[in-house]
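These two chains come separately, so use the hints to put the complex back together.
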Amino acid sequence: MNIDSIKNGIVIDHIKAKNGMKIYEALNLKELQCSVAIITNAKSQKMERKDIIKIDKEFDINLDALGFIDPDITINIVKDGKIIEKKHIEKPEKIINIVKCKNPRCITCVEKELDQIFILTDKEKNIYRCKYCEMRMN
Amino acid sequence: MKHLIDIKDLSVEEIKDLIEVANDIIHSREKYSHKCDGKKLATLFFEPSTRTRLSFEAAMLELGGNVIGFSSANSSSTSKGESVSDTIRTVGCYADIIAMRHPKEGAALVASEKSIVPIINAGDGGHNHPTQTLTDLLTIQCEKSRLSDLTIGLCGDLKFGRTVHSLITAMSRYKNIKFILISPTELKIPEYIKEEVLKKNKIEFKETKDIEEYMNDLDILYMTRVQKERFFNEEDYVRLKDYYILNEEKLKKAKKNLCIMHPLPRVNEISKEVDEDPRAAYFRQVEYGKYIRMALILKMLEVH
Ligand SMILES: [Zn+2]
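Residue numbers (the numbering used here), protein chains in the order written: chain S, 1 to 138; chain R, 1001 to 1304.
Okay, chain R solo, but in the shape it has when bound (with noise of 0.2 Å):
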């Protein structure tokens, strides 16, 4: 593999071997902690995303490598003018590996065009972020010890979310899944995710507005927030941020074990007392991105 700009990009087979060798630093961190001696880990943050940024920072560093890089547009010489490609070359220089994130929808596509050292897309505008998917699957097989036969509910805003788009298109290539989508009407999963995606490889799925109908069918509720930058006006975002707030109420018919995951940040979608719910995997999942992301550069970087 030279670049990850797509979770499409990997078969089943790469994944699989990615959460092996993640599962192996999880568990014997010590061994790994020089394998990156020497290499660097250019970070290029085009618009700011701390979280995903300290934890591909936190991977190499783990790994004994080191990071450069910037952390916004502002500082970076996007400001004068230059090209995305210019840059990449220019940094390709001086780093052993690249993790970009960008505004604009297929950057990291155009990166990787012209670098001669591997990319990492860690998110390029509201289109792809392979390693937060590598992050959820991660998490799925750790705390359910399997990706197959499952019952998974994406839970708020299922239109804009791409987050629950990719983790749909990622999660439709194991066996006996199936999707509860829960969503107010005005953020239903768009129609050709269920064409092209969930329909053409004949996944069952059901769409509810009430998260509670489906409760007790679930392994896995996947919690995701309203973003405010999607929406035209002030007051949509006001009717539809909270539409959702999962609270122990809510899970009173849930599974003993339900695992109940979440991108994070979150707003109000998640109440505070779930967090101390053993089912709540969500700041684990933070964890799990820091794993499955070393595991990734050892990958890419060709280290073993």
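The following block holds chain S by itself, in its conformation from the complex (with noise of 0.2 Å):
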């Protein structure tokens, strides 16, 4: 697979296989007025199998929701044709309203109006943290 096919976008390159649906999702994809391509099991020279994502258009992509869900990913911005930036992101630092606190006894579980957030609490093992009940979420 190539990126000829877009002209003015952004493709999601490098997802883990199987983690590009997750993405779509996170980043509510859907809600696009645009085509958007997934390609899952790709062969990769860099991975075993990989996913991509083509969006047909430029938009502020959450940065933290992929950050957090495969920070090893590649974000191309394509300008008529040509790929003119290339990005790579962190682990957030603090991810807002992407996923939900499961701690029953969590404040967040009976406010609904509350914010989901979590802290990154130990970059080395990738543990974050509801900041609120400081429960793991992973």
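Please keep in mind that the hints were generated in silico from the structure rather than gathered at the bench.
None of the values given here were measured: they were computed from a predicted structure.
No false leads were mixed into what you were given.
DSSO-like, lysine-lysine: derived pairs with alpha carbons at most 27 Å apart:
hint : chain 1 : residue 1 : chain 2 : residue 2
1    : S       : K125      : R       : K1008
2    : R       : K1199     : S       : K123
3    : R       : K1008     : S       : K100
4    : S       : K94       : R       : K1008
5    : R       : K1188     : S       : K125
6    : S       : K125      : R       : K1206
7    : S       : K102      : R       : K1188
8    : S       : K102      : R       : K1008
9    : R       : K1008     : S       : K123
10   : R       : K1159     : S       : K125
11   : R       : K1200     : S       : K125
12   : R       : K1255     : R       : K1188
13   : R       : K1199     : S       : K91
14   : S       : K125      : R       : K1199
15   : S       : K102      : R       : K1194
16   : S       : K22       : S       : K102
17   : S       : K91       : R       : K1008
18   : R       : K1194     : S       : K94
19   : R       : K1159     : S       : K100
20   : R       : K1159     : S       : K102
21   : R       : K1144     : R       : K1031
22   : R       : K1202     : S       : K123
23   : R       : K1114     : S       : K94
24   : S       : K94       : R       : K1200
25   : S       : K125      : S       : K22
26   : R       : K1114     : S       : K102
Under 10 Å between C-beta atoms, here's a sample of chain S residues computed to sit facing chain R:
hint : residue
27   : R105
28   : V110
29   : E113
Some chain R residues flagged as far from chain S (calculated, every beta-carbon gap over 10 Å):
hint : residue
30   : A1058
31   : Q1141
32   : P1184
33   : T1185
34   : E1186
35   : V1267
36   : E1269
37   : D1277
38   : Y1282
39   : H1304
Backbone N, C-alpha and C define an ideal beta-carbon position, used for all residues, glycine too.
Written as structure tokens, this is what we have:
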């Protein structure tokens, strides 16, 4: 696969196989008024199998959501059929309203209008904790 | 300091200051009896906890201040579906400082994000209860004259007991602290406390089921009760609740200057005969609780 089919837009590459749909949902891509292609299980030189998402439009991506789901992906910004920018992302320090706290004793479980906030408390071990009850999410 | 939600919000230095003020209050109570004239403390207890509420209210009254508030969710607007933030904003118009207890974890942090007056977390579910930990620290300082070089035995429910987890976290910042963790297998200290607090800070600890095994090493013996609400079935609770009963017989090998603590209320884990033992510090601990809350209120209201 290549990216020739897109003139102006975004290609999210090097997605770990099976993470493609998660990202599709987290970024709420079904709401975009443009064509979106998800390629799953593509062969890759860097990795065994990967997913790729092509979006035929430029828009502000929620980088925190992406970094949280899969920090190893590459974001290519395409203009006039060429990649003009490659972005690598990092694990976000804080993620907001991407996942919900599963602790039934947490205040966010009763007060639904509160933001669901998770903080990266251990970078090496990739541990996120609920800002409010401090329960580990992963 | 704006709010006190978690004991970790306080530096070692700030804790030292609080303990110094509390000590001064103990020795010259008269001096403090009008420090908070005209100030109001609101005690917002979304779940009942009479002991904690009375301690806060007695503290404020002894400083010359006044107290308003409620003692259960039924009597508050929560029963009408009001959010914590809205309640806090409203009460902030009436009170200078708020002590709040809530059954849900993280509720005090939510409150502090919207509050215009200082919030003291008086317990948020099984999560934090920083004034209990401050009480424990003042008790240790007053009874042992130091917060370092201590061997501390923690006995009972080490799995669910937040008091124990906070105390370990707080004490691990002082020099040469050793822990003896005494519990039945089912109520052992969680792995994350061992990994993230004890091992990370290179703190020596031993685990045992036998309360007498290291008795003669202990400077402090901190007893806890097994809480019924933590168990899914009655059987487990009944089997474990009387696992440890501290009595004079078991204290035979203990040091003459051991300090026996308990956050109270107790059930059966300390026999009544121990109450008369001069090493029993748990009723003095209640009193220390009031003095440290007085010091905290002064600090948070910036009264000198
Ligand atoms: Zn939570």
